[in-house]
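Chain order of the listed sequences is Y and Z. The letter at position 157 of the first sequence is residue 196 when you use the numbering used here, and the numbering goes up by one with no holes. The letter at position 128 of the second sequence is residue 167 when you use the numbering used here, and the numbering goes up by one with no holes.
Just so you know, not all the hints are guaranteed correct.
No distinction is drawn between identical chains; accordingly, a pair holds when it is met within one copy or between any pair of copies.
Unchecked claim - Straight line, CA to CA, 30 Å or less: simulated DSS-like cross-link-like pairs of lysine-lysine:
hint: 1; residue 1: K91; residue 2: K314
hint: 2; residue 1: K75; residue 2: K314
hint: 3; residue 1: K157; residue 2: K126
hint: 4; residue 1: K126; residue 2: K93
hint: 5; residue 1: K111; residue 2: K200
hint: 6; residue 1: K147; residue 2: K202
hint: 7; residue 1: K86; residue 2: K121
hint: 8; residue 1: K200; residue 2: K311
hint: 9; residue 1: K147; residue 2: K200
hint: 10; residue 1: K202; residue 2: K111
hint: 11; residue 1: K121; residue 2: K75
hint: 12; residue 1: K121; residue 2: K111
What the hints contain is simulated information worked out from the structure, not anything from laboratory work.
In case you want the letters, here they are:
There are 2 protein chains.
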Amino acid sequence: MHTFSRRIPSVVQAGSCRASFHTTVSRSSAKLIDGKAIGATIQAEIKVGVEKLKAEHGVVPGLAVVLVGARKDSQAYVGMKKKACKKAGFLSLETTLPEDASQEELVKVIDAYGADPKCHGILVQLPLPDHIDEEFVLDRISVEKDVDGFHTLNVGRLHKKGKTPPTSIACTPFGCVELLQRSGVEIAGKNAVVVGRSNIVGMPVARLLQDLNATVTVCHSRTADLPAMVKQADIVVAAIGRAEMIVAEWIKPGAVVIDVGINAVDDASAKKGYKLVGDVAFDQVKEVASQITPVPGGVGPMTIAMLLQNTLSRAQASVE
Amino acid sequence: MHTFSRRIPSVVQAGSCRASFHTTVSRSSAKLIDGKAIGATIQAEIKVGVEKLKAEHGVVPGLAVVLVGARKDSQAYVGMKKKACKKAGFLSLETTLPEDASQEELVKVIDAYGADPKCHGILVQLPLPDHIDEEFVLDRISVEKDVDGFHTLNVGRLHKKGKTPPTSIACTPFGCVELLQRSGVEIAGKNAVVVGRSNIVGMPVARLLQDLNATVTVCHSRTADLPAMVKQADIVVAAIGRAEMIVAEWIKPGAVVIDVGINAVDDASAKKGYKLVGDVAFDQVKEVASQITPVPGGVGPMTIAMLLQNTLSRAQASVE
Chain Y
40 MHTFSRRIPS
50 VVQAGSCRAS
60 FHTTVSRSSA
70 KLIDGKAIGA
80 TIQAEIKVGV
90 EKLKAEHGVV
100 PGLAVVLVGA
110 RKDSQAYVGM
120 KKKACKKAGF
130 LSLETTLPED
140 ASQEELVKVI
150 DAYGADPKCH
160 GILVQLPLPD
170 HIDEEFVLDR
180 ISVEKDVDGF
190 HTLNVGRLHK
200 KGKTPPTSIA
210 CTPFGCVELL
220 QRSGVEIAGK
230 NAVVVGRSNI
240 VGMPVARLLQ
250 DLNATVTVCH
260 SRTADLPAMV
270 KQADIVVAAI
280 GRAEMIVAEW
290 IKPGAVVIDV
300 GINAVDDASA
310 KKGYKLVGDV
320 AFDQVKEVAS
330 QITPVPGGVG
340 PMTIAMLLQN
350 TLSRAQASVE
Chain Z
40 MHTFSRRIPS
50 VVQAGSCRAS
60 FHTTVSRSSA
70 KLIDGKAIGA
80 TIQAEIKVGV
90 EKLKAEHGVV
100 PGLAVVLVGA
110 RKDSQAYVGM
120 KKKACKKAGF
130 LSLETTLPED
140 ASQEELVKVI
150 DAYGADPKCH
160 GILVQLPLPD
170 HIDEEFVLDR
180 ISVEKDVDGF
190 HTLNVGRLHK
200 KGKTPPTSIA
210 CTPFGCVELL
220 QRSGVEIAGK
230 NAVVVGRSNI
240 VGMPVARLLQ
250 DLNATVTVCH
260 SRTADLPAMV
270 KQADIVVAAI
280 GRAEMIVAEW
290 IKPGAVVIDV
300 GINAVDDASA
310 KKGYKLVGDV
320 AFDQVKEVAS
330 QITPVPGGVG
340 PMTIAMLLQN
350 TLSRAQASVE
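Please model the entire structure based on the sequences and the hints provided.
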């Protein structure tokens, strides 16, 4: 059973480079947490794991991606997942149903992959069309093949200390924690502030950080003084979905900043007419933080890496 | 489906009576949050609900309590639960197994109550003897009859925002939130600090407070500066199990303090040779807080009231 690793922090101490609020301290800008490079490292590790599993057990990890409808963004995500699967040496399975497919048809597809021994992970691309009950569908995926970690049993296992850990941890929060750990950020005993309380990022990342012995505060739209709360954090995880909302003066000097946001903002100079930015005003915050993820190229590439990791782990568990 | 009520706060505003740290403001000591009285009110409400259910549907709520072994404290708790059941007009069912009963025997009892239409709630008294797998046993209880809210599915449902709320919320955290709401404490937008991160109190109470729009920080043994964290709280929930650990100088003037701890400390003047105290140094903290629960007579009586509430809710759900 793979859970996220609990590495002992090594070199960089969060907050080791501090500037008092009222004095000016000359310092260089933050170290970049390069999600693209770290994601590539993880993908290379996964490839080794795949080869070992194949050599020792004749098993190739199989990931099934199920898409309902023809949303352009969903098609793009599915395309990226398929590509990453192939690169890692996985078996890539795919089913696309029309926008008006019934829930019963979708359930049939899920059940078929559930019964297929070549398939170790099932991912239903979200969002689903309105006529389909998302919760029912996600809970229909066998918990053994729930590589998104969204099954209610996996949410329960994540949020309690029990004998049985989740079979998978949701990919984006898992990726955030991997970024911190692989960047040598000390988590235990640090104050972490998570901005946003969604099921898929805010809540699970708060739980993971707490499990690593951070003191975690979850902030949200009703938080009374968000800048003051964020200012206390040694580690900030921004997952609100509001472009560049978190500015430099909210950040404690030396803090580590993980930006989960991906927001499209108008940009006449860009070929597509827009550019992607995070929830953090990167250019100014990088002057205060000790480490920071860029957008794009931070958390984004980690989500796919952790999806592959989850699928490999399920394939490994299938031969245990 | 009953979930905990979301009352609009009325009279008392948390923190409305503040004293600055450096000035002396004359103020009277905190208002007592009387769990015994509030618990009695809830039990009276439950009795009305029971009579209505009986009159309209001929259904009497049934609670089965299962005890393994002969621990004195467990026997006392079971006795209190049985007594409360009878007083509320419930059907009280009980099975006691010997300390060396096998897990299979226990599972048989649980399954029999699961199949019994007269039984709407099943409670397995914890702790179980070491040879029994607690997690397996708690997940064996049908989620429909899980009046302790400890089933992994209920934990998952509590910790995500989904279509399906938990069938029951764990009694002690549920009781803490009821105490706050029935004492007119404003929760939304307030800073809440939960000290302790257990499955049965800290984690669920943090989630409930967040669901009511508090900004919640969970502190624990690895928190770097616990006094400073607690000092920021408008609402403090103490659930650490250390006698009188939280002292007056940790408390923000005007804060509301909920003390979940029940610790036995030596007391030569007491008949039994000990007295029960909370995690909060009550005598001094009551001089700083605006409202506070005593120990005993605070959270304790609420736990049983919420157990009855959960059982009534399950009985009501059985006729829907």
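Hint check results:
| no. | hint | result |
| --- | --- | --- |
| 1 | K91 x K314 | neither (41 Å within a copy, 61 Å between copies) |
| 2 | K75 x K314 | within (18 Å within a copy, 59 Å between copies) |
| 3 | K157 x K126 | within (18 Å within a copy, 58 Å between copies) |
| 4 | K126 x K93 | within (15 Å within a copy, 64 Å between copies) |
| 5 | K111 x K200 | between (39 Å within a copy, 27 Å between copies) |
| 6 | K147 x K202 | between (32 Å within a copy, 22 Å between copies) |
| 7 | K86 x K121 | within (15 Å within a copy, 59 Å between copies) |
| 8 | K200 x K311 | neither (47 Å within a copy, 35 Å between copies) |
| 9 | K147 x K200 | between (34 Å within a copy, 26 Å between copies) |
| 10 | K202 x K111 | between (41 Å within a copy, 27 Å between copies) |
| 11 | K121 x K75 | within (17 Å within a copy, 60 Å between copies) |
| 12 | K121 x K111 | within (15 Å within a copy, 59 Å between copies) |
Hints 1 and 8, counting from the list given before, are not met by this structure.
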